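Each chain, written out:
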Amino acid sequence: MRAYAALLRLRCLLLLQYRVAAFAGICTQVFFGLVRVMIFDGFFRSSSLAQPMSFAHTVTYIWLGQALLGMLPWNGDREVQDLIRTGNVSYELCRPVNLNGLWLSRCVALRSAPTALRAVPVILTASLLMPPEYRLAPPASAAAALAWALTTAGAVLLAAAITNLYSIALLWTISGEGIARLVPPFVALLGGMLIPLSFFPDWMQPLLRWLPFSGLMDVPFRLYLGQLGPGDLAGALAHQLGWAFGLALLGQWLISRGLKRVVVQGG
Amino acid sequence: MSGIRLYGRYVSLSLQSQMQYRASFVMFALANGLSALLEFFATAALFARFGSLRGWALPEVALFYGMVHTAFALAEAAGRGFDVFHLHVRNGTFDRMMLRPRSTVLQVLGQDFQLLRVGRFAQGLFVLLWGAASLGMRWTAESVFLAVLSVVGGALLFSGLFVLQATLSFWSVEGLEIANTLTYGGVEAAQFPLSIYRKWLREFFVFVVPIGCINYFPLIRILGRGDPLGYPGWAAWVSPAVGLGFFLVSLRVWGVGVRHYRSTGS
Amino acid sequence: MAQIVVENLVKTFKVGRRQAGLWNALKGVARREYTTVRALDGVSFSLEPGELVGYIGPNGAGKSTTVKVLGGIMVPDSGRCEVMGLVPWKARMAHVARIGVVFGQRCQLMWDLPAADSFDLLRDIYRVPAAVHRKKRDMLVERLRLAELLTVPVRQLSLGQRMRCDLAASLLHAPPLLFLDEPTIGLDAVSKLAVREFVRDLNRENGVTVILTTHDMDDIEALCSRVIMIGRGQILFDGTLEKLRSCIPMERRLVVNGVAGEVALDIAGVRQVTREGDRLSLHFDPDRIPPADLIAQLSRQFLVRDFLVENQPIEETVARLYAEWRL
Chain B
1 MRAYAALLRL RCLLLLQYRV AAFAGICTQV FFGLVRVMIF DGFFRSSSLA QPMSFAHTVT
61 YIWLGQALLG MLPWNGDREV QDLIRTGNVS YELCRPVNLN GLWLSRCVAL RSAPTALRAV
121 PVILTASLLM PPEYRLAPPA SAAAALAWAL TTAGAVLLAA AITNLYSIAL LWTISGEGIA
181 RLVPPFVALL GGMLIPLSFF PDWMQPLLRW LPFSGLMDVP FRLYLGQLGP GDLAGALAHQ
241 LGWAFGLALL GQWLISRGLK RVVVQGG
Chain Y
1 MSGIRLYGRY VSLSLQSQMQ YRASFVMFAL ANGLSALLEF FATAALFARF GSLRGWALPE
61 VALFYGMVHT AFALAEAAGR GFDVFHLHVR NGTFDRMMLR PRSTVLQVLG QDFQLLRVGR
121 FAQGLFVLLW GAASLGMRWT AESVFLAVLS VVGGALLFSG LFVLQATLSF WSVEGLEIAN
181 TLTYGGVEAA QFPLSIYRKW LREFFVFVVP IGCINYFPLI RILGRGDPLG YPGWAAWVSP
241 AVGLGFFLVS LRVWGVGVRH YRSTGS
Chain E
1 MAQIVVENLV KTFKVGRRQA GLWNALKGVA RREYTTVRAL DGVSFSLEPG ELVGYIGPNG
61 AGKSTTVKVL GGIMVPDSGR CEVMGLVPWK ARMAHVARIG VVFGQRCQLM WDLPAADSFD
121 LLRDIYRVPA AVHRKKRDML VERLRLAELL TVPVRQLSLG QRMRCDLAAS LLHAPPLLFL
181 DEPTIGLDAV SKLAVREFVR DLNRENGVTV ILTTHDMDDI EALCSRVIMI GRGQILFDGT
241 LEKLRSCIPM ERRLVVNGVA GEVALDIAGV RQVTREGDRL SLHFDPDRIP PADLIAQLSR
301 QFLVRDFLVE NQPIEETVAR LYAEWRL
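Residue numbers (my numbering), protein chains in the order written: chain B, 1 to 267; chain Y, 1 to 266; chain E, 1 to 327.
I should point out that these hints are in silico values taken from the structure, not numbers from a laboratory.
Worth double-checking, as some hints may not be accurate.
[As the list claims (entries may be wrong)] Distance condition first, Cα-Cα at most 25 angstroms in a straight line; then the derived SDA-like pairs of lysine to any residue: (1) 199/Y with 55/B; (2) 14/E with 98/Y; (3) 90/E with 98/Y; (4) 199/Y with 131/B; (5) 199/Y with 27/B; (6) 136/E with 105/Y; (7) 14/E with 171/Y; (8) 90/E with 102/Y; (9) 90/E with 78/E; (10) 90/E with 105/Y; (11) 199/Y with 133/B; (12) 136/E with 98/Y; (13) 90/E with 44/Y; (14) 14/E with 93/Y; (15) 14/E with 87/Y.
Just so we're clear, the structure is a prediction, and the values are computed from it rather than from any experiment.
Chain B extracted, bound-state conformation (with noise of 0.2 angstroms):
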């Protein structure tokens, strides 16, 4: 744990340092926030038809998706990336910790600093800069703030988890790279990234809810607008939650084994 409260403190440091960059991203995210939202505003203006999500929910979905969007596992640790593609994780062999643990703790803390720097403004500004229509809506209770709340620290360990693997596949070369870049754009598509999860076809969102994707961004997010009550917060955590630890178990077997190639190709 304090090891974490370190990794989070150096990377908010790292990013203050880079305050040109930071407005940059905060300007650019509320820009095309706003560019999504009236892609669904003419959508909506479009079709009569009942839709599953109504529009001002679709608006505060969007926002909150620009805020959070550091959040999501769209890439790997570069560092931890750049250990395993020089061959040097050899090395990290001879300390005496446990590596899926130190690079889980170093994928929480790259998926939450940047975001809790960021999302702060993007959220003043898409809830009080924006024309009424376009505004971001405050959640839809107290009880859901808080679900919602909970919920993004549970995804936060779960895109966590998600990173660590994208770091790990690279213990396999060529298709480790290829996983590596094939994956986070599924995530990005199955995570609610794209467009809400409900408006993907009926037929699939069976298995949209069943995957852990789902628990990056679309279930805490309808928490946050009382689509889902508070009854199912249990739900919702227990899915992240379980996902989260499988995924780090799987994580913890894969290095064991990536490791093991490593030392017989001699890194």
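Using the hints provided, position chains Y and E relative to the given structure of chain B.
Positioned in the frame of chain B, the structure of chains Y and E alone reads:
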């Protein structure tokens, strides 16, 4: 040796380098194409729910989508040197370029011709042709010519964005993923006809970062539709030139960046 | 006529300063403090054609800034600089066509391709006629013994092999002036010797002017007749190696291994004695006490089984010059 022939040699050497890793090349190209296709899948899902988007049907939007992706893929392949320019600054490659008696722009472009972008290119072309086929569109010589010209113009425009992004790295080395967001966000915005956006945003994409120009006006003409925005018909032929203009302006801005770099060395 | 003239070159950098800690980082978002660093603070020297000059100084002294200015990469704040009649940063293209630059830590060859491909590319970059290029390349290949290396992807070459290829690459366009930035860093002993021998011949036989920056005093001793030392942006010394030696009492270091028990030494001419476990090192002035005498004296106290006499490292020389000039 002329600049163009030298560039050709750079490209050929870059391709030779990439062919050293054939297995990963195939895999990366596939991943590149597939990941782009997923975005189209999300768009198609929305059309399945809503039916149409402000009077545009999915096959029509597929044309916009396909054209912007082919153009972007070309820019990604040819403009890779600018896309990862901050790395060239950090590891001293740019200093090396300054020590050679050739234009630095030519050398940066020559650093890498990233062939794996063929994945996105093929995907964009596939979506484009699918859209045209679904519409039962007849390709005339004029529309093919206009489409090709527009894709080239679009590639130039996106390359210009990469050049601006690279210029940024003379000031701030980290956080260039942000500039990337701008480019990718632009691609996302241009996947849809310009007319669906509000006026101020449309004008931003026509007059400031003219991403809208590169596919909207030419496709209006190719589709033979009236422009709901009421821009003049000849805009179709102007827009490819806009890409070139944007690229040239970006190079001037880049020149300012180089001057800054030479006076601060940061 | 001088080939390089540098007069009163000044270059300052603004460096962002930040106190440690999260709170200070947050403050830094709003307001940032800068300090000005004078990387070059009135540097002047001139070089005649055919000289082989060692340009030395500790890290951050201004060596690489000087090289960047002379190479046309960086524009100085003020001062005059002419290389073969051209101002480097004003006529970059014409200027860089006539110089060669080797960075010891940065390979300029294409990583995944054989060096021969890079050589061909350089021919096109520098617009060298094919016949001239072939002749020059064959000469370099023979001199640097590259024949077998040319067809191997560069990434598979050893550091020493790579450096030899890099040297050749920098000379293909036959520049009359060569900058070598730490050319021997990280090389094994054999490669170091090969590089030094090549550079010496290049200078003597072809009359190429060489500016060599290095931390390796052996490079300087083997090659340079003239040494320019820079520290904190200023030229501290410009003259022959012998003159540099006489500037400060030239020290040697004697290291004795396997010393057991207490040792009490008070020998005239020995400045400093340090002890680490069974290893004893003594800084001494060879003019006041010849090494043989010193060892004889030590042998009286204990059995000297294994010893080593070292040149004073360049850093120490510079450090002592700093102390002496209170810089």
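(message) Tell me if the straight-line CA distance from residue 14/E to residue 171/Y falls inside 25 angstroms.
(response) holds, 13 angstroms
(request) Would you mind confirming whether the straight-line C-alpha gap from residue 199/Y to residue 27/B stays at or under 25 angstroms? (result) holds, 19 angstroms
(message) Does residue 93/Y sit within 25 angstroms of residue 14/E, going by the straight-line distance between their CA atoms?
(response) Distance of about 23 angstroms is within 25 angstroms: holds.
(request) Verify the proposed pairing of residue 14/E with residue 98/Y, using a straight-line Cα cut of 25 angstroms. (result) Roughly 22 angstroms between the alpha carbons, so the hint for residue 14/E and residue 98/Y holds.
(request) Given the hint that residue 136/E pairs with residue 105/Y, test it: the Cα-Cα distance must not exceed 25 angstroms. (result) violated, 28 angstroms
(message) For residue 136/E and residue 98/Y, compute the direct alpha-carbon distance and say whether it is at most 25 angstroms.
(response) Given pair residue 136/E, residue 98/Y holds - Cα atoms ~23 angstroms apart, limit 25 angstroms.
(message) Can you confirm whether the C-alpha distance between residue 90/E and residue 44/Y stays at or below 25 angstroms?
(response) violated, 56 angstroms
(message) Just to be careful, I want the Cα atoms of residue 90/E and residue 98/Y compared with a cutoff of 25 angstroms; is the pair within it?
(response) holds, 12 angstroms
(request) For the pair we were handed, residue 14/E and residue 87/Y, check the Cα-Cα distance against 25 angstroms. (result) With a Cα-Cα distance of about 22 angstroms, the restraint between residue 14/E and residue 87/Y holds, given a limit of 25 angstroms.
(message) Check the hint pairing residue 199/Y with residue 131/B against an upper bound of 25 angstroms on the C-alpha distance.
(response) Holds, at roughly 14 angstroms.
(request) Below or equal to 25 angstroms on CA atoms is what counts here, so check residue 90/E against residue 105/Y. (result) holds, 18 angstroms
(message) Need the status of pair residue 90/E, residue 78/E: alpha-carbon distance at most 25 angstroms?
(response) holds, 13 angstroms
The structure fails to meet hints 6, 13 from the earlier list, while all remaining hints are met.
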